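Student: Sequence:
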Amino acid sequence: MAVIWKIKNTLHTPSYEGKTNVIRSLSWWAHCESTVNGQTGMADKKGKVVLDTSDLSDFTTYEDVTESEALQWLYAALGSEKQKIETELEMQVDFCLNPNQVGGVPWS
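Under the working numbering, the first residue of the sequence shown carries the number 1, and numbering increases by one thereafter.
It should be emphasised that the hints constitute simulated quantities derived from the structure, not laboratory data.
Since we're looking at a predicted model, the values are computed, not measured.
Please note that the accuracy of each hint is not assured.
[Unchecked claim] Straight-line alpha carbon distances no greater than 30 Å define the calculated DSBU-like cross-link-like pairs of lysine-lysine that follow:
1. K8 - K19
2. K48 - K82
3. K8 - K84
4. K46 - K19
5. K48 - K19
6. K19 - K84
7. K19 - K6
8. K46 - K84
9. K8 - K46
10. K84 - K6
11. K82 - K8
12. K84 - K45
13. K8 - K45
14. K46 - K6
[What the hints assert, rightly or not] Cβ-Cβ distance ranges computed for the label pairs, FRET-style:
15. K6 - T40: 28 to 34 Å
16. N100 - N21: 48 to 54 Å
17. G103 - A76: 20 to 26 Å
18. T13 - N98: 43 to 49 Å
19. G104 - T13: 43 to 49 Å
20. Y16 - T66: 17 to 23 Å
21. S57 - N9: 24 to 30 Å
The C-beta atom is built at its ideal place from N, Cα and C for all residues, glycine as well.
Make the full structure from the sequences, and use the hints.
Tutor: Structure follows, in structure tokens:
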């Protein structure tokens, strides 16, 4: 089951540290979907990260930023949280496709 990541929006500063249109944060969306025996389960999560702009030595002009590059920035900003998000989405899909699992707490 693969998780698809998309950059939904960027926020950039018109002028920062001598550079123009510096992307400072990314809004993202992650989607996971699977179909088993004609039944589809899906899960989504969205969020926002602030990028580390302390070193702009390999700055890419706003107009030249690709989605692939922005995704790499996102993954770096998320660090180990990326894997946790993917695992959570996969578990949610699995729960949809296997309703024999039951949620709750034993003390209620």
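Student: Run every hint past the structure and note whether it holds.
Tutor: Now for the hints, and whether the structure bears them out:
{"no.": "1", "hint": "K8 - K19", "in the structure": "holds, 23 Å"}
{"no.": "2", "hint": "K48 - K82", "in the structure": "holds, 12 Å"}
{"no.": "3", "hint": "K8 - K84", "in the structure": "holds, 20 Å"}
{"no.": "4", "hint": "K46 - K19", "in the structure": "holds, 29 Å"}
{"no.": "5", "hint": "K48 - K19", "in the structure": "holds, 23 Å"}
{"no.": "6", "hint": "K19 - K84", "in the structure": "violated, 34 Å"}
{"no.": "7", "hint": "K19 - K6", "in the structure": "holds, 26 Å"}
{"no.": "8", "hint": "K46 - K84", "in the structure": "holds, 13 Å"}
{"no.": "9", "hint": "K8 - K46", "in the structure": "holds, 9 Å"}
{"no.": "10", "hint": "K84 - K6", "in the structure": "holds, 17 Å"}
{"no.": "11", "hint": "K82 - K8", "in the structure": "holds, 16 Å"}
{"no.": "12", "hint": "K84 - K45", "in the structure": "holds, 12 Å"}
{"no.": "13", "hint": "K8 - K45", "in the structure": "holds, 12 Å"}
{"no.": "14", "hint": "K46 - K6", "in the structure": "holds, 9 Å"}
{"no.": "15", "hint": "K6 - T40: 28 to 34 Å", "in the structure": "violated, 19 Å"}
{"no.": "16", "hint": "N100 - N21: 48 to 54 Å", "in the structure": "holds, 52 Å"}
{"no.": "17", "hint": "G103 - A76: 20 to 26 Å", "in the structure": "violated, 34 Å"}
{"no.": "18", "hint": "T13 - N98: 43 to 49 Å", "in the structure": "holds, 46 Å"}
{"no.": "19", "hint": "G104 - T13: 43 to 49 Å", "in the structure": "holds, 47 Å"}
{"no.": "20", "hint": "Y16 - T66: 17 to 23 Å", "in the structure": "holds, 20 Å"}
{"no.": "21", "hint": "S57 - N9: 24 to 30 Å", "in the structure": "holds, 25 Å"}
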